[in-house]
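Protein sequences appear in the order of chains A and B. Heads up: the first sequence begins at -16 in the numbering used here, then just goes up one per residue. Heads up: the second sequence begins at -16 in the numbering used here, then just goes up one per residue.
Note that these hints are calculated values from the structure, not bench results. Heads up, some of the hints might be wrong.
Which copy is meant is left open, because identical chains are indistinguishable; a pair holds if it fits in one copy or across any two.
Cross-link-like lysine-lysine pairs, in silico, BS3-like; alpha carbons within 25 Å at most [what the hints assert, rightly or not]:
| id | residue 1 | residue 2 |
| --- | --- | --- |
| 1 | Lys20 | Lys140 |
| 2 | Lys123 | Lys7 |
| 3 | Lys251 | Lys354 |
| 4 | Lys354 | Lys110 |
| 5 | Lys123 | Lys173 |
| 6 | Lys140 | Lys123 |
| 7 | Lys173 | Lys229 |
| 8 | Lys173 | Lys202 |
| 9 | Lys20 | Lys39 |
| 10 | Lys358 | Lys277 |
| 11 | Lys277 | Lys173 |
| 12 | Lys251 | Lys277 |
| 13 | Lys177 | Lys229 |
| 14 | Lys7 | Lys140 |
| 15 | Lys110 | Lys20 |
| 16 | Lys354 | Lys140 |
| 17 | Lys140 | Lys202 |
Note that the structure is predicted; figures quoted are calculated from it, not measured.
There are 2 protein chains.
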Amino acid sequence: MHTDHLYIRVADRIEQMIAEKVWKTGDRLPSVRMLSKEQGVSLSTAFQAYYLLEGKGMIESRPKSGYYVRIDPALAPDAPAAGKPIVLEHTSSNEEIVTSVYKDFDIGEAVNLSLAAPPPELLPVAKLNKSVVHALRSHKSHCIGYEQIQGNLDLRKQIARMAFNWGGQITPDDIVVTSGCMEALVLCLKAVTKPGDTVAIESPTYFGIFQAIQSLGLKIVEAPTDPTNGVIVDQLEAILDVHDVKVCLFVPNFNNPLGSCMPDDQKKRLVELLTRRQIILIEDDIYGELYFGKHRPRTCKSYDREGIVLQCSSLSKSLAPGYRVGWAIPGPRYLAEVNRLKLIHSVTSATLPQVAMAHFLENGRYEYHLKAMRKALHTQSLRYRQAIQEYFPAGTRMTCPEGGMVLWIELDPHIDAFHLHNEALRRQVSVAPGQMFSVHTQYRHYIRVSYSRLWDAQAEEGIRVLGALVNEMS
Amino acid sequence: MHTDHLYIRVADRIEQMIAEKVWKTGDRLPSVRMLSKEQGVSLSTAFQAYYLLEGKGMIESRPKSGYYVRIDPALAPDAPAAGKPIVLEHTSSNEEIVTSVYKDFDIGEAVNLSLAAPPPELLPVAKLNKSVVHALRSHKSHCIGYEQIQGNLDLRKQIARMAFNWGGQITPDDIVVTSGCMEALVLCLKAVTKPGDTVAIESPTYFGIFQAIQSLGLKIVEAPTDPTNGVIVDQLEAILDVHDVKVCLFVPNFNNPLGSCMPDDQKKRLVELLTRRQIILIEDDIYGELYFGKHRPRTCKSYDREGIVLQCSSLSKSLAPGYRVGWAIPGPRYLAEVNRLKLIHSVTSATLPQVAMAHFLENGRYEYHLKAMRKALHTQSLRYRQAIQEYFPAGTRMTCPEGGMVLWIELDPHIDAFHLHNEALRRQVSVAPGQMFSVHTQYRHYIRVSYSRLWDAQAEEGIRVLGALVNEMS
């Protein structure tokens, strides 16, 4: 099939060679590099081919040794059959699963339900383009020169202005512009920790967050959450009694993947608790503007009296992911250090996207756009939920978020969501398996479905395919 | 004077209050935060004011305690007099000096000889703008969507094509696009080290490099260099005998601040030495295209047979600093890890600058621009050297680089270059003091003068002011 991805074709060739006994059970397969050379494909394609076969249980990876043929297909032809999902935990770490699922953001023809990014159709392309052209014309160096390390001043003014909506009293000098929210989180984490410190995160949580924490040599404890109200403050307190937590990194507004939103009084309680214990809170507010209700939820930062909250956000979920415009509001204690780390790690962020965004935000275009987008996403969430109720087994549990762009779905405990992901991908549907959202294994039978993709016949077909697979596997 | 910077005015007010004995010797000054509030200025302005006074020897900082009044002006009115430069080493770490000098890239009215960035006048603004507009029109998501993690494919094709000039055989799949060269260096360092490892750098070296190394918890040893030929391979070998060096991070082509260029046969010897000892080389080639001679110097990467060289570069020095387009060529051993870290730390780089650059590079515009820029920089280097010979004391030693954009100047050993910097800044001239280019103190009487600023009457006046100060202080 010419629509197949290259890595699937490479995997098929290897599968055939195993079927033809060119490679037998226990045989070592060529290294990824060798495979890449032999097949004339890229290293990532070679990796993906192996990941796919690993996901199918055909091969296994052994640390520092390579890939080996796992089963003899002649002896175990029914291995991946319904009702007997292959448990991959011993060969696939959650990081390997993340890498496999997110090998690239662009998965071609597939129905992508795994990417939580706003669809281009909902974004004000023409007006953004106008702001870019305006930036090229009006900026003194035509955006060729370096920006200030802290970021473009006009942009920081706009971000400070937006802060009023979440209860913040912020000046442009309080803000450090970053390349998206992830860079902001990494810089804040680096500013307040040293390797070996412990960070508390929500369970489940966005994989990018714990990957960043782990990459800085920090330890993780997971805090219990409620699917509607987020972090359970009393239970968090119990955890703080036991673990020496230095920092909490939470997404109080429309947590990904839960979609939960902490009630404002709980945010206040959380900040009071952490202030009492002198524990820092890094608050990721990337989804804060995407609320479906009447009012924007406040942020923990708005209750912060002693400078323990470092707030991070970006325009990637609400306006333009590819512009990579995010920011940190570290507070007076950590501002200088975050700014210093920004200089050291990437000097400054790109000038043109900052200047264009400043212009776009200046004249009310953003608020206008957000109103339309909130409404569209709310409608989308209802349509996706309806379809899931229709096509998934009766009694499937899922969240009912009041903002953001994802649904969190609990499946039959026998289902391995990564296996489901692999099977779905063969049918041109991509979904995020629950394993990606914890450093532990408790979400093996959960999936995250993004409802940001415009609802159409293809999206419905994607949900139908998923539902059919889930029914088969239950 | 209304042209004075805000921080200078704040510093003047404090100085006056010290003169008026509101604060006396040994008194603790308000915290930076308090100063910022009281004076209604930003935190950075408050910081800068204190840095300035510290540089003048009026106040001193005590770790974790704050700023204190240092001298009683009534008792020591001649303290900063000629011939008795104040030694600041015990209060100013080189990091504090870097922060003070580079508080921001934009120093307003001053003659900036401290910034090694291409001047907008030498850059093809109109053609770059055209490429941006083309990118907005032609890109499938109009540059709003996420790029591939590894970077825009068209851009990577162009970078691979450029590799032929330095002797590289590189495919687009070998490249990871980053936000400038600094991010590439940080990702490569993270990919090949763990905290506590030792990295060898050139002495002197660009402060951004050792700040990045230090921020990753790595140790530094400095390797001796020759001002014309760069790293002295035999002497490096002696250092490797003594220190357990895991990685070398060198700038073989037109090192900043030396301007040295390793002869190609020495690059080959270096790679052979490091290969024999299984030591990794991170090669920063950011100035490689800015050669004044007939041929582009090769890179160490071109001699690499076993994948020990990770090459990093960018377009920031030769085309558009504010676009933040850089890349790493990590080689097959480290490609996957560098790509993984890119995803974790900043997801992807901004789409629009990448797509615009790909278009600009595609049609030969870059090579055309480089030819003109090399010629202009060569001419500039000669004019600046001439003026320095004219205005500086006889016998002042300086480099004669065959590429890049900086001169390295040795002054009378009694001169404290940071003091010179502060005095020059009061006269609207900014220059980079030698203390910024080593983790040790051996370059206290060196300065780096960038000749990238267009030569004109103001530039000449800047050199004249510097020369007069040096003469005064000698």
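- Message: Please sort lysine 140 with lysine 123 into within, between, both or neither, judging by C-alpha distance up to 25 Å.
- Response: within (18 Å within a copy, 31 Å between copies)
- Message: One pair to classify: lysine 123 and lysine 7, alpha carbons no more than 25 Å apart. Within, between, both, or neither?
- Response: Answer is neither: 66 Å inside a copy and 45 Å across each miss the 25 Å cutoff.
- Within, between, both or neither, where lysine 140 and lysine 202 count as close if Cα-Cα is 25 Å or less: neither (36 Å within a copy, 39 Å between copies)
- If the cutoff is 25 Å on CA atoms, where do lysine 173 and lysine 229 land: within, between, both or neither? Let me know, please. both (12 Å within a copy, 23 Å between copies)
- Task: Since the copies are identical, ignore which copy is meant and state whether lysine 20 and lysine 39 lie within 25 Å (CA to CA) inside a copy, between copies, both or neither.
- Result: So lysine 20 and lysine 39 pass the 25 Å test inside one copy only (24 Å; across, 62 Å).
- When no copy is specified for lysine 251 and lysine 354, does a C-alpha distance of 25 Å or less occur within a copy, between copies, both, or neither? neither (27 Å within a copy, 61 Å between copies)
- Item | lysine 354 and lysine 140: within-copy, between-copy, both or neither at 25 Å Cα | within (21 Å within a copy, 40 Å between copies)
- Message: Regarding lysine 173 and lysine 202, is the shortest C-alpha distance of 25 Å or less found within a copy, between copies, in both, or in neither?
- Response: both (13 Å within a copy, 18 Å between copies)
- Query: How would you label the pair lysine 358, lysine 277 (within, between, both, or neither) given a Cα cut-off of 25 Å?
  - Reply: Intra 11 Å, inter 62 Å, cutoff 25 Å: intra-copy only.
- From the Cα coordinates, with 25 Å as the cut-off, is the pair lysine 123 and lysine 173 best called within, between, both, or neither? Classified as neither; 33 Å inside a copy, 36 Å across copies.
- For the identical chains here, do lysine 20 and lysine 140 meet the 25 Å Cα criterion within one copy, between copies, both, or neither? between (52 Å within a copy, 19 Å between copies)
- Task: If the cutoff is 25 Å on CA atoms, where do lysine 354 and lysine 110 land: within, between, both or neither? Let me know, please.
- Result: Within one copy, since 16 Å is at most 25 Å while 37 Å is not.
Comparing the model with each earlier hint shows violations of hints 2, 3, 5, 11, 14, 15 and 17; every other hint is respected.
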